[in-house]
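Chemist: So the protein lines, in turn, are chains B and G.
For the first sequence, this note's numbering begins at 1 and goes up steadily by one.
For the second sequence, this note's numbering begins at 356 and goes up steadily by one.
Calculated directly from the structure, the hints in this document are not laboratory data.
Among the hints, a few may not be true.
[Said to hold, decoys possible] Straight-line Cα separation of at most 25 Å, DSS-like style, residue types lysine-lysine; simulated pairs:
#1 Lys105(B) <-> Lys460(G)
#2 Lys191(B) <-> Lys157(B)
#3 Lys213(B) <-> Lys191(B)
#4 Lys546(G) <-> Lys696(G)
#5 Lys213(B) <-> Lys157(B)
#6 Lys213(B) <-> Lys512(G)
#7 Lys341(B) <-> Lys63(B)
#8 Lys546(G) <-> Lys512(G)
#9 Lys191(B) <-> Lys696(G)
There are 2 protein chains.
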Amino acid sequence: MIPSIPDNVPAENLHAFCIEALSKAGVNQQQARITADALVMTDTWGVFTHGTKLLAGYLNRVKNGGVHTDAEPRIDREGPGWAIVDGGSVLGQVIGHFAMQTAVKKASSTGIAYVGVHNSFHFGAAGYYTWMAAEANMIGLSMANDVPSVAGPGSRKAVTGTNPFSYSVPAGPGRDPIMLDIAMSTVAGGKVYAAVTRGEPVLENWIIGSDGKPTTDGSLYPHAAALAPLSGHKGYGLALMIEALAGTLTGAAQTHGIENWMFGDPTRPTRHGAAFLAVDVATIMEPDQFFERLGSLIDEIHEAPTADGVDRLLIPGEREWVNRRRALEHGIQLPADVWEKIQEVADAYQVALPG
Amino acid sequence: MIPSIPDNVPAENLHAFCIEALSKAGVNQQQARITADALVMTDTWGVFTHGTKLLAGYLNRVKNGGVHTDAEPRIDREGPGWAIVDGGSVLGQVIGHFAMQTAVKKASSTGIAYVGVHNSFHFGAAGYYTWMAAEANMIGLSMANDVPSVAGPGSRKAVTGTNPFSYSVPAGPGRDPIMLDIAMSTVAGGKVYAAVTRGEPVLENWIIGSDGKPTTDGSLYPHAAALAPLSGHKGYGLALMIEALAGTLTGAAQTHGIENWMFGDPTRPTRHGAAFLAVDVATIMEPDQFFERLGSLIDEIHEAPTADGVDRLLIPGEREWVNRRRALEHGIQLPADVWEKIQEVADAYQVALPG
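Given the sequences, and given the hints that come with them, work out the whole structure.
Modeler: In structure tokens:
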């Protein structure tokens with residue numbers, strides 16, 4: 001069914017493919033480039049759930065009008081250390097990129113900045129934006145709200161979104177930034193689907209049935225089960241912090257007011273909210289001192305004794321940076337589900353497959 | 356052994372007791388009052404692990420010189436939206452109070468502020484400081500590093516502290532603030548001790564043995580086991596974010612460089628780090644609009660259908676505010692372990708027991 005997947009697609013070919021498809025769909029050059037940058041970077045990290053696999057769904061919304069192509073994100077109101085951005089319901093990567101750029105610029109004069117966004121859209125990998133901050137030698141935080149898919153402790157139904165959260169910390173010359181990108185559920189919905197496909201039960205802390213109790217029957221998700229919050233009240237509590245900073249304070253839609261970007265009405269903007277924080281290391285501490293202190297922390301963790309079969313304790317993001325170097329050198333080995341989506345885009349927009 | 360615990364000790368009596376003991380130990384009136392405020396507030400929340408139970412240990416460090424009484428926290432360096440505070444190794448509540456006050460003041464002009472602290476000390480309940488921010492109608496975040504007691508994913512030994520984290524969100528007139536206060540371990544060490552005392556095994560995700568694998572033998576903790584990070588790599592990753600913001604960027608001691616406040620050399624400052632963020636709602640959004648939006652989120656969660664036996668889904672902090680109102684009306688029912696510590700202080704400093 002699926003023609004064979006080319007081995008090791010060069011990142012630049014995948015990037016050019018994204019730009020061509022986005023352009024043919026009516027996205028302007030700058031927005032197409034920013035979106036392609038983020039999607040392909042994410043694929044090079046090996047985070048294939050949030051890379052070019054998303055393009056087909058994004059283009060479906062562009063085609064149906066739910067994602068706008070005639071707008072740009074802009075600052076609604078602002079002060080020295082903060083801004084509220086109207087995302088204009090354009091592609092989420094364009095919005096996130098603009099918002100984090102704004103946060104970085106403001107933090108360079110005030111030390112720290114908060115940028116909240118309304119009229120945002122699915123923004124892909126939260127880590128992309130915190131990596132941008134780390135590139136500017138800042139500690140970055142990013143987060144977004146989403147349609148409820150995660151139960152609270154004791155609820156029968158989903159009450160919060162997975163509400164992605166990321167932070168990055170710049171580690172100085174010769175070291176990769178620390179980078180964490182997590183959802184507030186124990187596992188992503190995709191892991192539940194994968195277990196069902198393999199015919200396996202899911203673990204007891206993965207999903208909550210419609211009786212409000214844990215279940216191992218993954219086939220109930222999502223129609224009759226919600227994802228479980230990570231560590232119960234802790235993940236639930238953190239998801240509400242993200243809702244407050246990315247939703248409540250920004251003027252975005254909250255919880256059930258958000259349109260499901262994949263399964264909802266594709267003619268309507270999703271009205272997601274998002275928030276970005278940047279803390280400028282150089283304003284607060286002599287950077288070399290910071291990097292030396294962080295380096296000693298990283299070294300200490302790498303030297304920690306590990307369980308049998310564990311080579312070494314990884315720093316958050318370490319696996320992604322190893323993947324990226326390999327991808328840049330040898331190309332990206334795309335999984336079948338991603339390739340299928342790329343073919344869908346190639347067919348719909350008459351773009352030659354990358355290879 | 357323990358004389359009977361008085362029923363429902365009035366909060367003001369417990370507060371007066373703390374102040375008298377702290378004063379007799381050589382702590383000045385203002386520092387004694389701030390510390391008593393925080394400890395007794397925490398007891399009224401029903402968070403007895405972080406209330407007046409701590410006083411005996413704090414006074415032991417005051418007596419031995421590890422906690423200073425001849426210093427005050429002061430701003431080391433600062434900018435419009437940030438400050439680095441030298442805590443002066445005084446009582447942690449005094450330091451946290453000063454630092455959050457500083458963050459609130461700065462955020463009122465820049466919208467958001469970061470205050471990092473070095474020469475801090477155990478600061479009790481992280482939620483106390485974010486509640487302060489909520490009282491000023493700001494979203495508050497607080498966090499601290501600590502001596503490693505929590506394993507990383509795959510490590511045989513502890514690599515991070517429990518690294519407490521709290522946030523609060525002001526909910527406007529007639530509503531309690533949302534308030535979460537959590538450690539980055541699955542459970543606190545106290546829960547492991549309690550299970551051992553009851554002769555029960557601990558759950559498989561609570562501790563990690565010295566082979567780097569989960570164990571249900573709670574008696575191994577802490578000499579031959581570490582606490583497990585909440586949700587594996589997620590809690591571990593968040594603990595490192597806290598270390599970066601509260602430790603690395605503040606100039607405080609990091610990880611194993613921190614002195615154990617309870618079991619370490621009581622003549623030496625612990626050199627903890629901490630960080631406080633405040634986001635001023637009124638600067639960013641019309642407060643009534645914010646409170647209305649947050650109120651609708653809270654109502655929605657309260658109306659969520661719940662599992663059998665669950666009355667309603669609680670907002671983070673909701674239980675604590677119910678406890679506090681009961682405590683202020685009827686007095687505080689102190690648990691035996693707290694009363695034992697209060698007696699220890701009463702004996703050592705010749706202070707009449709509260710009742």
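Chemist: Within 25 Å, alpha carbon to alpha carbon, are Lys213(B) and Lys512(G)?
Modeler: 34 Å, violated
Chemist: Do the alpha carbons of Lys546(G) and Lys696(G) lie within 25 Å of each other, as the hint requires?
Modeler: 18 Å, holds
Chemist: Hey, Lys213(B) versus Lys191(B), does the alpha-carbon distance stay inside 25 Å?
Modeler: 19 Å, holds
Chemist: Quick one, are Lys546(G) and Lys512(G) close enough, alpha carbons at most 25 Å?
Modeler: Since the Cα atoms of Lys546(G) and Lys512(G) sit roughly 19 Å apart, the hinted pair holds (cutoff 25 Å).
Chemist: Taking 25 Å as the top limit, are the C-alpha atoms of Lys191(B) and Lys157(B) close enough?
Modeler: 19 Å, holds
Chemist: Is it true that the CA of Lys191(B) sits at most 25 Å from the CA of Lys696(G)?
Modeler: Outside the cut-off at roughly 48 Å; violated.
Chemist: Has the given pair, Lys105(B) with Lys460(G), been kept, meaning a C-alpha gap of at most 25 Å?
Modeler: With a Cα-Cα distance of about 22 Å, the restraint between Lys105(B) and Lys460(G) holds, given a limit of 25 Å.
Chemist: Below or equal to 25 Å on CA atoms is what counts here, so check Lys213(B) against Lys157(B).
Modeler: 10 Å, holds
Chemist: Are Lys341(B) and Lys63(B) close enough, with their CA atoms no more than 25 Å apart?
Modeler: 16 Å, holds
The structure does not agree with the numbered hints 6, 9 stated previously, though it agrees with the rest.
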